[in-house]
Amino acid sequence: MNSTIDASSKHAFHTITNAEFTGVYDNLIYNFAHTSGSISSYHFFIRYGDKVYVEVKGIGEIVLTFAELQKKRYLYYYYKLSQLLTNDKDKNVVIQYHKYGSEYLKEHIYEEPRFWSFNTAYIETSMNTKSTTIIKNCGNVCYYKINPYNLVYMEYTSQEYLEIFERTYMITNPLIINKAFYRTSVIFNNLAIEYQAGIIEKELNELSAIFEDKKHIINLAAIYDKQGINNDILAIIYNNLVSANAHQKYKCIISELGNYGRLESVARILNA
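Note that this note's numbering has the sequence shown beginning at 2, numbered continuously upward.
Bear in mind the hints are in silico, worked out from the structure with no lab data behind them.
For each residue, glycine too, the CB sits at the ideal point set by N, CA and C.
Any given hint might turn out to be false.
What the hints assert, rightly or not - Straight-line C-alpha distance at most 27 Å; calculated DSS-like pairs for lysine-lysine:
id: 1; residue 1: 92; residue 2: 58
id: 2; residue 1: 146; residue 2: 11
id: 3; residue 1: 72; residue 2: 146
Said to hold, decoys possible - Per label pair, the in silico range of CB-to-CB distance:
id: 4; residue 1: 201; residue 2: 163; range: 30 to 40 Å
id: 5; residue 1: 182; residue 2: 151; range: 16 to 26 Å
id: 6; residue 1: 160; residue 2: 89; range: 16 to 26 Å
id: 7; residue 1: 113; residue 2: 159; range: 19 to 29 Å
id: 8; residue 1: 185; residue 2: 6; range: 35 to 45 Å
id: 9; residue 1: 187; residue 2: 141; range: 25 to 35 Å
id: 10; residue 1: 19; residue 2: 178; range: 32 to 42 Å
id: 11; residue 1: 134; residue 2: 52; range: 32 to 42 Å
id: 12; residue 1: 128; residue 2: 195; range: 16 to 26 Å
id: 13; residue 1: 153; residue 2: 180; range: 13 to 23 Å
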């Protein structure tokens with residue numbers, strides 16, 4: 002794994018460009034007259050090339066190819082959901098906590114000490130209000146059982162154990178047992194999509210605020226001329242400022258830039 006490390010006295014941030022760290026953490030909370038508490042479930046994933054580590058609470062861990070994962074209906078659903086819940090900037094980052102530094106210890110989520118965390122939003126459902134929301138992960142609650150670097154050396158799970166894992170999963174997952182998986186998955190998907198849409202909208206609003214000043218727009222001309230600029234950024238700039246459905250008041254300014262045509266051509270390709 003190709004990594005860079007930014008360490009402090011409490012933890013170290015490992016940025017691993019050729020691996021992804023995502024997961025779905027679902028927390029059900031209840032607060033009644035004589036009892037209160039929470040019930041958590043999770044599906045954690047590490048993808049390293051075509052190799053995928055999967056950890057499911059109460060079931061165990063498996064290592065399989067990405068092609069095999071795509072054939073597992075329920076596991077693949079959670080993998081895709083995890084991609085929506087984890088921001089792109091966080092997908093390549095795993096956080097190593099030093100001994101006694103892990104924030105999960107007060108939550109009593111796991112049976113054994115864990116020190117490798119990743120940052121993602123999680124799902125919280127209240128039995129009292131009968132509502133489900135997406136919670137931004139202010140304090141990490143998602144911790145892998147393994148050291149992520151060990152995935153490089155881990156062998157793929159045997160077909161025999163994969164079948165045992167799947168059978169156990171099918172007979173213990175309450176959503177499957179109660180035939181509520183489809184209804185719940187639709188709710189989770191809609192919430193995750195709204196969550197990502199909110200992030201994109203915020204980023205676009207921040208980008209628009211930058212361009213509110215004509216001076217700022219013209220100063221960006223130097224950036225446009227750089228050969229390595231990301232095409233996605235160019236497309237966002239075009240769609241947000243120049244396109245027919247965007248802010249027409251900027252078009253006369255943007256069109257004066259040397260590579261205005263590049264903005265248009267990139268946008269047409271990416272929006273095709």
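Status of each hint after checking the structure:
{"no.": "1", "hint": "92 x 58", "in the structure": "holds, 21 Å"}
{"no.": "2", "hint": "146 x 11", "in the structure": "holds, 19 Å"}
{"no.": "3", "hint": "72 x 146", "in the structure": "holds, 24 Å"}
{"no.": "4", "hint": "201 x 163: 30 to 40 Å", "in the structure": "holds, 37 Å"}
{"no.": "5", "hint": "182 x 151: 16 to 26 Å", "in the structure": "violated, 32 Å"}
{"no.": "6", "hint": "160 x 89: 16 to 26 Å", "in the structure": "violated, 34 Å"}
{"no.": "7", "hint": "113 x 159: 19 to 29 Å", "in the structure": "holds, 24 Å"}
{"no.": "8", "hint": "185 x 6: 35 to 45 Å", "in the structure": "holds, 38 Å"}
{"no.": "9", "hint": "187 x 141: 25 to 35 Å", "in the structure": "holds, 28 Å"}
{"no.": "10", "hint": "19 x 178: 32 to 42 Å", "in the structure": "holds, 38 Å"}
{"no.": "11", "hint": "134 x 52: 32 to 42 Å", "in the structure": "holds, 33 Å"}
{"no.": "12", "hint": "128 x 195: 16 to 26 Å", "in the structure": "holds, 22 Å"}
{"no.": "13", "hint": "153 x 180: 13 to 23 Å", "in the structure": "violated, 40 Å"}
The structure shown violates the earlier hints numbered 5, 6, 13.
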